[in-house]
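Undergrad: Single-letter residue listing:
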Amino acid sequence: MTLELSVQRLMTFKARLLGLMGKKSSNPVYLPGCSAIHTFGMQQPLTLGWLGADQIVIRIDKNVPPRRIKFCKDALGVIEIINPQDADKLKVSKPVKLKGQALVESAFVFPILFLLLFGFLELGLMLQAQQRLTHTIHLAVQTGSLTNNDAKLSTVLASSYELADLTVLVKNYQAQTQAELSAADRRYNDRLDLSVSQPYQLQIPFLEVSPFALQASASARVLCRNFEPPYQCD
Amino acid sequence: MRLIKWWLAFKHDKNAFVLSFTALTLPLILLIGVLVLQSGQLFIRQAELEFLTRQTAQSGVLKLAETLRAKATENYTQQCDILEPPLICNSDTWSNFISVVEIENVTESPFLQQSLRTNLLDFLQVADPQKLILNPDFSYELTVQSGSLQRVNLKLFLNEPQDNWLGNVLRTRDYQIETQALAYLNF
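So the sequence lines, in the order shown, correspond to chains A and B. Take any residue in the first sequence, count from 1 to its spot, add 673: that is its number in my numbering. Take any residue in the second sequence, count from 1 to its spot, add 1: that is its number in my numbering.
It is worth saying that the hints were derived from the structure and are not from the lab. Misleading hints may appear alongside valid ones.
[Claimed, not checked] Label pairs and their calculated CB-CB ranges:
(1) Gln849(A) with Asn154(B): 21 to 31 Å
(2) Thr119(B) with Asp858(A): 17 to 27 Å
(3) Gln847(A) with Arg118(B): 16 to 26 Å
(4) Lys762(A) with Leu4(B): 29 to 39 Å
(5) Ala857(A) with Arg70(B): 22 to 32 Å
(6) Leu798(A) with Leu20(B): 26 to 36 Å
(7) Tyr834(A) with Gln80(B): 52 to 62 Å
(8) Leu32(B) with Gln849(A): 45 to 55 Å
(9) Leu31(B) with Leu798(A): 14 to 24 Å
(10) Leu842(A) with Leu133(B): 16 to 26 Å
Yeah, the Cβ is synthetic: ideal placement off N, Cα and C, and Gly gets one too.
This is chain A alone, in the form it adopts within the complex (with noise of 0.2 Å):
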C-alpha cells in the first residue's frame, strides 16, 4: 500500500533526539531504525506509524499523550504524526505471507552445506587413514632395516592391514654405488626404500569418485651386522 505522506526524515543525533518537542503542528517526521520513542515534551497528542520490513505500516497508535513511552518490537523505523488530517491517512496494511520462504531457501543451502559438512568428513577419515599408513610404513622399514628375510617385515605391516590389500615395493641399495640389490644382498649400512599403496573407498556411499590409493614410502640404513663372510644380513 502507497502512503500518500509528505514525510521528512530525521537522520542526526539531535533531530532524532529533539523530534516534534515544543512543537504544535508540524508535518510528519519519520525515524528509521527505531523501534521506540517517547513523547516528552510533547505539546500535542502524537499519532505513531510503526514501519515494519519493505517500509510497510505495521501497527499504528493514535492519539499518544504526552510523558508516554512507546515500542514495537518488529518495527525498523516509526513517523510521527501531529495532525489528525495526516494521522487518517495511515493504514495498517496486510503483512506479506512469508510462510514457507525459510524451508524454501533451507532447501537450496542445506544441500550445499551437507556436502560441505559430509566432503570435511570423508577428508578426515582420508588424512586418519593416511597417518595410519605412514606409522604402518614406518614401523615395517625399522622391522627391515634388521633383517633380509622380506616376510619379517611383511608381518608388520600384516598386524595392521590384509596384505592382499596392498601394493608393496621393497628396493634394497647398495650403501657406496647405489646400486639396486635383491633382498638376500642386504648388508649393513645399505639402504632399503619401503613404497607401500592402498586403495581407499570412501566411507560416505553417495560421494562417489573414481577409486585412488593412498600411498606412503619411507627409507633407512641396514643395520644388521654379521662379520662372518658372506657378511650378509639374517
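With chain A held as given, fit chain B onto it using these hints.
TA: Just chain B now, with coordinates in the frame of chain A:
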C-alpha cells in the same frame, strides 16, 4: 553505529534471511574446513619428517662408525702386525684399537665433517618420501662423551618450510616444521 543499525535492519528483515545468513557464514565454514585439513596434512608431514630426521641421524652415525673403524683397523695393523703382538690383538672389538683422543680428532677433522655433511644431505634428499627436500636447512652437533658411558652423539636439527594454503588467505608467516633427532655410537 552504522554497523549496529545495519545489524538491526538485517535481523528484522525476514526476506531471504537463510540465504543471506548462509552467504555470510559460508566463508567462515570454508576457512575452518581449510584450517582443519591444513593441520591434518601438516601433521602427516611432520610424522614423515620426524622419521626422516631420525633415520638421517642414524645414517650419519653409520658413516662415522665407518671412518672410526677404518682408523681402528689402521691402528690394529700398526700394533698387531708384528712378530709378538700384545694380548689385546686377540680382541675382535674395533673400539679397543682407538683412543678417545683419536676419536675426538677424527670427529673434529674437516674431512670427516665434510663427508658427514654430504652423507646427511644425500640421505635427506633420497629418503624424503615426498621428494620435496632440495636444499634442506639442517645442522648437527657431534659430541664425544667419555667416562663410564663412552659414546659419540650426533644430534641433527632439520627445519623444513611448508607450503601453506592459508598463507595466501591470511597472509601468515611461512610455516616451518622443525624436527630433531639423536643417534649415537657406543665404543
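Undergrad: Work down the list of hints and note, for each, if the structure agrees.
TA: Quick rundown of the hints versus the structure:
Judged by the Cβ atoms, the range 21 to 31 Å given for glutamine 849(A) and asparagine 154(B) holds: they are separated by roughly 25 Å. For the hinted restraint 17 to 27 Å between threonine 119(B) and aspartate 858(A), the CB-CB distance of approximately 25 Å keeps it satisfied. Our hint of 16 to 26 Å for glutamine 847(A) and arginine 118(B) holds, since their Cβ atoms are close to 21 Å apart. About 34 Å separates the C-beta atoms of lysine 762(A) and leucine 4(B), a value consistent with the hinted range of 29 to 39 Å.
Roughly 24 Å separates the CB atoms of alanine 857(A) and arginine 70(B), a value that falls within the hinted 22 to 32 Å. Against the hinted window of 26 to 36 Å, the Cβ-Cβ separation of leucine 798(A) and leucine 20(B) comes to about 30 Å, which satisfies the hint. For the pair tyrosine 834(A) and glutamine 80(B), the beta carbons lie near 53 Å from each other, so the given range of 52 to 62 Å is met. With their beta carbons about 51 Å apart, leucine 32(B) and glutamine 849(A) fall inside the hinted range of 45 to 55 Å.
Taking the beta carbon of each, leucine 31(B) and leucine 798(A) are about 19 Å apart, inside 14 to 24 Å as hinted. At about 20 Å, the beta-carbon gap between leucine 842(A) and leucine 133(B) stays in the expected band of 16 to 26 Å.
Consistency note: the structure conflicts with none of the earlier hints.
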